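Participant: As given, the protein sequences belong to chains S and B, one line each in that order.
Residues 1 to 151 (my numbering) are what the first sequence spells out, left to right.
Residues 152 to 646 (my numbering) are what the second sequence spells out, left to right.
Calculated directly from the structure, the hints in this document are not laboratory data.
Treat the hints with care, as some may be off.
Here are the simulated DMTMM-like pairs of lysine to aspartate or glutamate, each with C-alpha atoms no more than 25 Å apart in a straight line [stated by the list, open to error]:
no.: 1; chain 1: B; residue 1: Lys609; chain 2: B; residue 2: Glu184
no.: 2; chain 1: B; residue 1: Lys528; chain 2: B; residue 2: Glu517
no.: 3; chain 1: B; residue 1: Lys609; chain 2: B; residue 2: Glu518
no.: 4; chain 1: S; residue 1: Lys112; chain 2: B; residue 2: Glu184
no.: 5; chain 1: B; residue 1: Lys300; chain 2: S; residue 2: Asp114
no.: 6; chain 1: B; residue 1: Lys455; chain 2: B; residue 2: Glu517
no.: 7; chain 1: B; residue 1: Lys311; chain 2: B; residue 2: Asp457
no.: 8; chain 1: S; residue 1: Lys85; chain 2: S; residue 2: Glu73
no.: 9; chain 1: B; residue 1: Lys528; chain 2: B; residue 2: Glu599
no.: 10; chain 1: S; residue 1: Lys112; chain 2: B; residue 2: Asp301
no.: 11; chain 1: B; residue 1: Lys182; chain 2: S; residue 2: Asp114
no.: 12; chain 1: B; residue 1: Lys303; chain 2: B; residue 2: Glu517
no.: 13; chain 1: S; residue 1: Lys112; chain 2: B; residue 2: Glu185
no.: 14; chain 1: B; residue 1: Lys311; chain 2: B; residue 2: Glu249
no.: 15; chain 1: B; residue 1: Lys253; chain 2: B; residue 2: Glu185
no.: 16; chain 1: B; residue 1: Lys609; chain 2: B; residue 2: Glu249
no.: 17; chain 1: B; residue 1: Lys183; chain 2: S; residue 2: Asp114
no.: 18; chain 1: S; residue 1: Lys112; chain 2: S; residue 2: Glu73
no.: 19; chain 1: B; residue 1: Lys303; chain 2: B; residue 2: Asp520
no.: 20; chain 1: B; residue 1: Lys455; chain 2: B; residue 2: Asp382
no.: 21; chain 1: B; residue 1: Lys251; chain 2: S; residue 2: Asp114
no.: 22; chain 1: S; residue 1: Lys85; chain 2: B; residue 2: Asp153
no.: 23; chain 1: B; residue 1: Lys300; chain 2: B; residue 2: Glu249
no.: 24; chain 1: S; residue 1: Lys112; chain 2: B; residue 2: Glu249
no.: 25; chain 1: B; residue 1: Lys455; chain 2: B; residue 2: Asp520
no.: 26; chain 1: B; residue 1: Lys251; chain 2: B; residue 2: Asp382
no.: 27; chain 1: S; residue 1: Lys27; chain 2: S; residue 2: Glu37
no.: 28; chain 1: S; residue 1: Lys112; chain 2: B; residue 2: Glu257
no.: 29; chain 1: B; residue 1: Lys303; chain 2: B; residue 2: Asp382
no.: 30; chain 1: B; residue 1: Lys303; chain 2: B; residue 2: Glu184
no.: 31; chain 1: B; residue 1: Lys253; chain 2: S; residue 2: Asp114
no.: 32; chain 1: B; residue 1: Lys609; chain 2: B; residue 2: Glu517
no.: 33; chain 1: B; residue 1: Lys253; chain 2: B; residue 2: Glu184
Derived DEER-like restraints, expressed as beta-carbon distance ranges [unchecked claim]:
no.: 34; chain 1: S; residue 1: Ala64; chain 2: B; residue 2: Tyr527; range: 50 to 58 Å
no.: 35; chain 1: B; residue 1: Ile345; chain 2: S; residue 2: Arg30; range: 43 to 51 Å
no.: 36; chain 1: B; residue 1: Ala613; chain 2: S; residue 2: Ala81; range: 47 to 55 Å
no.: 37; chain 1: B; residue 1: Ile345; chain 2: S; residue 2: Met10; range: 23 to 31 Å
no.: 38; chain 1: S; residue 1: Tyr106; chain 2: B; residue 2: Leu158; range: 22 to 30 Å
no.: 39; chain 1: B; residue 1: Lys251; chain 2: S; residue 2: Ala81; range: 45 to 53 Å
no.: 40; chain 1: S; residue 1: Leu103; chain 2: B; residue 2: Ile345; range: 40 to 48 Å
This structure is a prediction, so every number in the text was calculated from the model and none was measured.
Beta carbons: idealized from backbone N, C-alpha and C, even for Gly.
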Amino acid sequence: MLWDLGSVLMFMVTSLVIIGITLLIAKLFRRDNPTEEKLTSYECGEDPVGNPWVQFNIRFYVVALIFLIFEVEIVFLYPWATVFKEMGFFTFVEMMIFVGILLVGYAYVWVKGDLNWVLPKPKYTADFDYSNVPRFKKPDAEKARKLQAVE
Amino acid sequence: MDNISSLNYFIPELMLTLTILVLIVYDLFLKKEESNYTAYVAAAGLVFTLVTLLSSYSNVETSLFLGMIAHDPFSFFFKFLFVLTAFFTVVISSTSLEMKGKFHGEFNTFVLLITLGMFLLASAMNLLLVYIAFELVSVTSYIVSGYLKDSKRGSEAALKYVIYGGVSSGIMLYGFSLLYGLTGTLDISEIGRILSQNNSGDLTVLVSFLMILAGFGYKIASVPFHFWAPDVYEGSPTAFTAFLSVGPKAAGFALLIRFLNTAFVSQDNVNMASWGALEQLAWPEIMMWISAITMTLGNLVALKQDNVKRLLAYSSIAHAGYVLMGIVVLTQDGLFAMMFYLSAYYLMNLGAFFVVLNVADRFGSEEIDGYNGLVYKAPFLAVCMGIFMFSLAGIPPTVGFIGKFYLFAALIKGGSAYYPLAIIGALNSVVSLYYYARVLRAMFVRGEAVDSEMPIIKTPVAVIGMLAFPVLLLGLYWAPLSDFAHASLKLLIIH
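Pulled out of the complex, with its shape left as it was, chain S reads as follows:
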């Protein structure tokens, strides 16, 4: 029984060997002429500035997620468009339902303000009234100023 799995083992070994061989061939034949530009990390043609381990605005993620959803919607529209002529009205209704569901999501992010890049003034400032929020201690003015600068 275990012998049946032997082919799987051979497959794994072969794949490892092939990877090794290709890397070796490339190593033997390629030119090795590193320059400073080649060795810097690629940032869309810009000179990299500083360490990539910085905090950046979390809204990038939100926008990216929303973008992704509508991108996928477009991908679904293409095959639909090619068969639309044969299938007729029924597919039209079907796609309208699909788009309608996504539109509800769009309305949701819009109303909830996730599409506004410039948010209203953050609450976390020195003059914010913390007496209503028992869990937080009032931050010192220095820290609040720093946080505002980050925003």
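Use these hints to put chain B onto chain S, whose structure you have.
Facilitator: Only chain B this time, still in chain S's reference frame:
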């Protein structure tokens, strides 16, 4: 049945989807403080869903959407439970102080989304759909368990839930892929047919079974995939904990029963009083061990808990172990006992968590000590909690006792091979009595008489009463429930 004519049988799910969309839009027009109005829409939508569900009932098993979904009495039974669970959760969460002014619109939407996922989970016939429904339930649960954003325990719960859930669903998916590699199909009944015909690949079948069990065991919180349960139950908003402890758990059991009874079954004697396991795979023995260890561990750890939510979390792990006893005997009696016990468990566990919610709202404590003298402060709540505790411990005249009786009867009838498991189960019931009695002692024996009663919020108390009454009533006259469970023992089988 093809896609378009299937839609006629799919109206409850469509109704649920429509309600979800309406909820999202309606919530946008409300101010933050008014967001608990969405509970009315959600509750109305669930009532409509229930009505359409009842009217779509048919005694015949059909397969919908080209074999993707089963429409049979078995799935109807579970869908019925899910709608009621969601309804009670939506109602009680709208009055919960814990969640006051905290995005009720989203909460209700998520609860309904999970319900939709559970609907699909209970009726999925295709591994792909199983996975999608599984993730729909899981991912939404992750969000809701971290719902109290400013609570440290809530964030911890959500993070632990995501990590455990991600790992176990990944392992399950790998098991699915092995099964697909063995059989070349994703259709569960087709997999069952192919597996029972050729006897090669014993080891691979075993490995894939164990991997799939990681996913299913995580949903029903059985050992060794139970680690998330106590923390998640403790950290989530209590209304959701109540929902989580019965809804997705029952959905996991529905999936487990359907999967084992369709894919890992020997085809010779399907549809008779007993059903056989796959010849080359000893999964009943594995399930027997899991059942015994799950109930023992759940009960022993529950002994040391002082937080009632945590105590109930471990007790719900133990109950998963009890319910698993029904599947190892491979008889229709066992399946019937499982379904009966799950509906009994649904009533008593939901009720117990709702009492915890209400006590925490009014007296500000989830610890057992906070229950001292509850009978003087809130007599009705204390009596209801007493009923739920008696039922969970399996003491007559409650529905929990009848459920346990059916489970043990099925085991004893199954033959002497199952006596050890029955003995372990009986010993566990005795152990569990201790910690349920601790809560009872705090409520009825300790504490002193207080003159003034606290103000009562009517809705949650009414809901708790609505759950406590059937626990007693079905304990005395359980024929309706057992008839319902018997009639629902029809699973779709495609030959």
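Participant: All the hints need checking, so say for each whether the structure fits it.
Facilitator: Tested hints:
no.: 1; hint: B:Lys609 to B:Glu184; result: 20 Å, holds
no.: 2; hint: B:Lys528 to B:Glu517; result: 15 Å, holds
no.: 3; hint: B:Lys609 to B:Glu518; result: 24 Å, holds
no.: 4; hint: S:Lys112 to B:Glu184; result: 15 Å, holds
no.: 5; hint: B:Lys300 to S:Asp114; result: 18 Å, holds
no.: 6; hint: B:Lys455 to B:Glu517; result: 15 Å, holds
no.: 7; hint: B:Lys311 to B:Asp457; result: 21 Å, holds
no.: 8; hint: S:Lys85 to S:Glu73; result: 20 Å, holds
no.: 9; hint: B:Lys528 to B:Glu599; result: 9 Å, holds
no.: 10; hint: S:Lys112 to B:Asp301; result: 20 Å, holds
no.: 11; hint: B:Lys182 to S:Asp114; result: 17 Å, holds
no.: 12; hint: B:Lys303 to B:Glu517; result: 16 Å, holds
no.: 13; hint: S:Lys112 to B:Glu185; result: 15 Å, holds
no.: 14; hint: B:Lys311 to B:Glu249; result: 21 Å, holds
no.: 15; hint: B:Lys253 to B:Glu185; result: 10 Å, holds
no.: 16; hint: B:Lys609 to B:Glu249; result: 16 Å, holds
no.: 17; hint: B:Lys183 to S:Asp114; result: 16 Å, holds
no.: 18; hint: S:Lys112 to S:Glu73; result: 21 Å, holds
no.: 19; hint: B:Lys303 to B:Asp520; result: 22 Å, holds
no.: 20; hint: B:Lys455 to B:Asp382; result: 15 Å, holds
no.: 21; hint: B:Lys251 to S:Asp114; result: 23 Å, holds
no.: 22; hint: S:Lys85 to B:Asp153; result: 21 Å, holds
no.: 23; hint: B:Lys300 to B:Glu249; result: 12 Å, holds
no.: 24; hint: S:Lys112 to B:Glu249; result: 23 Å, holds
no.: 25; hint: B:Lys455 to B:Asp520; result: 14 Å, holds
no.: 26; hint: B:Lys251 to B:Asp382; result: 22 Å, holds
no.: 27; hint: S:Lys27 to S:Glu37; result: 21 Å, holds
no.: 28; hint: S:Lys112 to B:Glu257; result: 12 Å, holds
no.: 29; hint: B:Lys303 to B:Asp382; result: 11 Å, holds
no.: 30; hint: B:Lys303 to B:Glu184; result: 23 Å, holds
no.: 31; hint: B:Lys253 to S:Asp114; result: 18 Å, holds
no.: 32; hint: B:Lys609 to B:Glu517; result: 21 Å, holds
no.: 33; hint: B:Lys253 to B:Glu184; result: 8 Å, holds
no.: 34; hint: S:Ala64 to B:Tyr527: 50 to 58 Å; result: 57 Å, holds
no.: 35; hint: B:Ile345 to S:Arg30: 43 to 51 Å; result: 49 Å, holds
no.: 36; hint: B:Ala613 to S:Ala81: 47 to 55 Å; result: 54 Å, holds
no.: 37; hint: B:Ile345 to S:Met10: 23 to 31 Å; result: 26 Å, holds
no.: 38; hint: S:Tyr106 to B:Leu158: 22 to 30 Å; result: 26 Å, holds
no.: 39; hint: B:Lys251 to S:Ala81: 45 to 53 Å; result: 48 Å, holds
no.: 40; hint: S:Leu103 to B:Ile345: 40 to 48 Å; result: 43 Å, holds
Hint check: no violations occur; every hint is consistent with the structure.
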